[in-house]
Structure formats: C-alpha cells, structure tokens
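Just so you know, the protein sequences line up as chains A and B, in that order. Last residue of the first sequence: 67 (my numbering), numbering continuous. Last residue of the second sequence: 243 (my numbering), numbering continuous.
It cannot be assumed that every hint is accurate.
Claimed, not checked - Interface residues of chain B toward chain A, partial, derived using beta-carbon atoms under 7 Å:
hint: 1; residue: T3
hint: 2; residue: V5
hint: 3; residue: Q71
hint: 4; residue: G133
hint: 5; residue: S142
hint: 6; residue: P199
Said to hold, decoys possible - Just the calculated beta-carbon pair ranges, DEER-fashion:
hint: 7; chain 1: B; residue 1: D201; chain 2: A; residue 2: D48; range: 32 to 40 Å
hint: 8; chain 1: A; residue 1: I36; chain 2: B; residue 2: I208; range: 31 to 39 Å
hint: 9; chain 1: B; residue 1: P199; chain 2: A; residue 2: E53; range: 46 to 54 Å
hint: 10; chain 1: A; residue 1: F27; chain 2: B; residue 2: E136; range: 17 to 25 Å
Claimed, not checked - Going by beta-carbon spacing under 10 Å, a handful of chain B positions derived as facing chain A:
hint: 11; residue: I77
hint: 12; residue: L85
hint: 13; residue: Y145
hint: 14; residue: L146
Derived from the structure by calculation, the hints contain no laboratory data. Ideal placement from N, C-alpha and C gives every residue a C-beta, glycine not left out.
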Amino acid sequence: MQINISKSGIPIFAIVLLAIVFVFGLFFVGYDQGHIFSIVLGEQAFEDLYIHELTHDMRHAAGFPCH
Amino acid sequence: MRTFVFLIIVLISGAFAGTIHGVVNFVIVEPYLDQAIGIENQNLFASGEEKDTPEFWVEYEGYRVWQKSGQILAGTILGTSIGALFGIIFALSRNSLPGNNDVKKAVVLSGIMWFTLFLIPFLKYPANPPTVGDPETVILRSILYLSFIAISGFGALAFYKLSKKFQNNRKLVVLIGYGVFISVAFFAMPENPDEITAPMDLVNEFRIVSFLGVTSFWVSIGLILGFFWNRLGPHKETTTSYN
C-alpha cells in the first residue's frame, strides 16, 4: 500500500525563521545603541556604539530616528 | 511548498534589493549627509564642545569612513530583514494578489507595502539629516515612528480582512476604511518634538533623496522576488510517498 502526502502550505518554522530575521535586522540597523555588543563587551559597548556608527548613514537615509 | 527554495529566494531577494538601496544611498544621499555633518561640526566648534584641531579631524575622518563603509552593508542587512517580512506576506497573500504572473503580483504587493509601511509614515515623520534631532528625544521619536508604521500596516491588514465579509465593493471598503482610519491616526499621533534648526533647503533635499533611496528598495524587492518566484516556483506542491 502506498500513501502520498502533498504539501502546499508554508511551514510554520519557515515563517518563524523569517520573522526572526526581520526583527533582528530591523533592530540591528534601526535601533541598536550598543545592546548587541554589550552581551560580550559589557557596559563599554554603550560607549563604543560600533553598530550604531556602522549603520548611522543608513539610519538617517532610511528614516529611522538616529540622534 | 518547497521550503528551502522559498527561504533562499526570500533571503537573496531581500539582500539584493537592500544592496541596491545601499548603493543608491551611497551615490545620492551621502553628499547631503556630509553637508549636514559639516554643519554639525561647525555647531560643535561654535558652542565650544569641540575644538577645530588636527586631532579632531583625524578622529572625525576615522569614524566617517566607518559610517560611510557601513551604508551598503547596512542596506544589505536591512534589505534582508524587510525582505523576510515581504516574503512572509507574499507567500500568505499570493493567491489573493492581482496579476497573471508572480512578478506582477510581487510588484503589486511591494507597492501596497511601500504605501502603507513607508509613504504614510514618511509623510508624518519624514527622514532627517544629522544636526536635526535632540538625543534626549530619540527614544520617544523611535517609539512614535515604529508605532505609526505598525498602526498603518496592521490597519491596512485589518481592513483587507474586514472587506472579505462584504459581497460587493471590497476594494472600496478597504480604500475608504483604511483612508479614514489612517487619517484619524495621522492627526492623533503626536508631532516630532524636535525643532528643525538646520537650513530647510538641506533638510528638504535630504528628504527627497531619502525618499528615492527607500523607493528604490521597494521597486527592487518586488521585481527581484517576483522574478525568482516565477522562475523557481517554490509554491509548487511537494509529494512524499510512503510504502
């Protein structure tokens, strides 16, 4: 006996994965003020603002409030 | 659905479109950013916060190179992020979108998302160059901007869902319903609290090039994802056989 199962819907894990990419990318470019690097660098990351400075020009150009 | 193909084309389309956005910004927005930062530096010298010394300019050049080099990389990351959202919505709404091929469908969706997630929020809270913006209000401004994008996007989605309950004039229900809703929200939301002290010519020209840059992203994401979807058909059924 052979059973065929056809799948045409979008798997939940694919939606969850893309949703994580969306939230992380948006935070990285638009809102990080040292938070991500503070996981490894501690308080110093809030002074260095490496990601903020790296994304600075795109933040302004894409309309995010920057400073 | 061929999930792996779906994920790959969504992520690659977003990265491509974001890179185009970054390159467009690099060409047309960077001169205005340099001009605005020049004014910001003059204000720092005038207020005595910084001194016009060779050391200042060495440090300035160091971080300006870092900021400029990040323009395209940040475009790729932001594009991948917004592209992921676009991919989810396209996959869920593809059967309802008008158009006889996936390029047309994707371009229609990118137009709708450009309008609701970019143009409407941009009209309320337009982009500003450096020198405009009080650091003390950045959290408030960030909350206002993100909230208005969410209000506009979820509002459009809610009226689309609501329109399905009507037999006739569905498009009219969405257009009028969303139009009234977003007009009320537009005037109800607080204004940007910061006063603009930079020359208005610079601010307005910056807003025009910023508008063109973001629009280049939305045009690109529709065309690129639509092209890949048409060619690779990730929506096609997968069949697994069990003996």
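Cross-check of the supplied hints:
no.	hint	result
1	T3	holds, 5 Å
2	V5	violated, 11 Å
3	Q71	holds, 4 Å
4	G133	holds, 6 Å
5	S142	holds, 5 Å
6	P199	violated, 16 Å
7	D201/B to D48/A: 32 to 40 Å	holds, 35 Å
8	I36/A to I208/B: 31 to 39 Å	holds, 32 Å
9	P199/B to E53/A: 46 to 54 Å	violated, 25 Å
10	F27/A to E136/B: 17 to 25 Å	holds, 21 Å
11	I77	holds, 5 Å
12	L85	holds, 5 Å
13	Y145	holds, 6 Å
14	L146	holds, 8 Å
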